[in-house]
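Engineer: Each chain, letter by letter, is given below.
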Amino acid sequence: MPYLNDFYVNIEESFTRMRSSDSWRSTYILLSYLQVGFGMPIAGEFRDTASRETARVRINIREEEVAPITRIRQLYDIVKELGEEEVLRILGRHVKGGNAIQSIRELGFLDLRRLAATVLWLTSVLGLRVSNIDLLEDPETGQPQFIGVYLEDCNWDKWKTLSRAVKKQLVNDGFNDVARRVALICTQALKTRRS
Amino acid sequence: MHSGAQDPEKLNPRKLLGYFTRILRERKDLVDEVVIRRIISAVYFALFNYWSMKSLLKGLRGRGPSKDSFWFSEFHQHLLEKGLDYAVYTIYVHRVAVDHYTLNPTRVVLTSQPWKGEEVEVEIGGTTLERVLESAYDILECLEKY
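Chains as they are written, first to last, in the numbering used here: chain A, 1 to 195; chain B, 1 to 146.
If you are wondering where the hints come from, they were derived from the structure by calculation, not from laboratory data.
Worth double-checking, as some hints may not be accurate.
Dumping the calculated DSSO-like pairs for lysine-lysine here, alpha-carbon to alpha-carbon at most 30 Å [said to hold, decoys possible]:
#1 A:K160 to B:K58
#2 B:K28 to B:K10
#3 B:K145 to A:K168
#4 B:K58 to B:K10
#5 B:K58 to A:K168
#6 A:K160 to B:K28
#7 A:K191 to B:K28
#8 A:K158 to B:K145
#9 A:K160 to B:K145
Which bits of chain B does chain A cover? Going by a derived footprint, with three or more residues having C-beta under 8 Å, they are [unchecked claim]:
#10 9 to 19
#11 62 to 73
#12 79 to 86
Quick reminder that beta carbons are idealized off the backbone N, C-alpha and C, glycines included.
Bound conformation, chain A alone (with noise of 0.2 Å):
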């Protein structure tokens, strides 16, 4: 529902800022509207109403499968379009705390849309669960090594195999900065066995 702040509300603006979905898999086209009325919502209904604070909009849309996603390159095309808080916000997902992306673009280390990127397509095309993202330095130097990204249910035959996939992936898809500075880590693979 828009809110109407100055009496006049972009509806392809507004539709376009909720369009987003975390699936990548579907986009919404908007077709037309129709302003209603205004009014306000009341226990569930909407009431028409003198009060011009609020406004119902009819909308029709069309939802589109878009063309699967499997190439990083592919959700780069559509990180580099967005804004870069939006950006922080796909890898603040995955960071369990501390100011890792903040060294990382303070740094320099790595374009954060190329990370994104990465880490989108970890996650929704590889369907791995990323715990934590992190920037390993060395405790003799404090001179940053790599960008960690930390992976869940991952065994050590599982982290090898997954170290070299991706890697290929990545350096055939042109990503060898990523490919460079990124090292996938499976902590769980590091606990399984007792000396």
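Here the structure of chain A is known, so what remains is to put chain B in place on it, guided by the hints.
Structural biologist: Structure of chain B alone, referenced to chain A:
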């Protein structure tokens, strides 16, 4: 230029890894925590030195008067691009643990600022050493082709 006379294979740690593997397999009586700690540290630096030599001879220049001192990050990033994430992280986190942490098991944070960063539980023992050696051989195989 000193590097012109250098043979990269003189720093190939294959014999060293073989020696450690034999100790682990045939002389378990000699393997205590001190030995394990020093083996893990030695393995990491042996691989790093081999990579450094090969990189130098390929024209990469480091720091120092002879430009032969490189950053760990360059070594790590070379291997990460080849998909050796599991090997790099395993050896690196255990190398930091054996050189900089005292308790066993311990929790390691790979950052200079301890209030941020993922904590990893590390145990230093025979099983750890097997994983480190497995990772080391995979890294070595990659470096021998470099």
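Engineer: With reference to the structure, classify each hint as holding or not holding.
Structural biologist: Hints versus structure:
Distance check on the hinted pair: K160 (chain A) and K58 (chain B) sit about 28 Å apart at the alpha-carbon level, within 30 Å; holds. The straight-line distance between the Cα atoms of K28 (chain B) and K10 (chain B) is roughly 29 Å, inside the 30 Å bound, and the hint therefore holds. The straight-line distance between the Cα atoms of K145 (chain B) and K168 (chain A) is roughly 17 Å, inside the 30 Å bound, and the hint therefore holds. Distance restraint check for K58 (chain B) and K10 (chain B): the Cα-Cα separation of roughly 16 Å lies within the 30 Å cut-off, and the hinted pair is therefore satisfied.
The suggested pairing of K58 (chain B) with K168 (chain A) holds, with an alpha-carbon distance near 23 Å, which does not exceed 30 Å. Between K160 (chain A) and K28 (chain B), the direct Cα distance comes to roughly 28 Å. Compliance with the 30 Å bound is thereby established for this hinted pair. Among the hinted pairs, K191 (chain A) with K28 (chain B) is consistent with the structure: their alpha-carbon atoms are about 22 Å apart, no more than 30 Å. Proximity of K158 (chain A) to K145 (chain B) is assessed by CA-CA distance (about 24 Å); at most 30 Å being required, the pair is judged to hold.
Note on K160 (chain A) and K145 (chain B): the hinted pairing holds, with a Cα-Cα distance of about 19 Å set against a maximum of 30 Å. Counting residues of the stretch 9 to 19 of chain B whose beta-carbon sits less than 8 Å from any beta-carbon of chain A gives 0, not enough to reach three: the coverage restraint is violated. Here the stretch 62 to 73 of chain B counts 3 residues with a CB under 8 Å from a CB of chain A, which clears the bar of 3, and the coverage holds. As drawn, the stretch 79 to 86 of chain B meets chain A at 7 residues by the rule of a beta-carbon pair under 8 Å; at three or more, the given contact holds.
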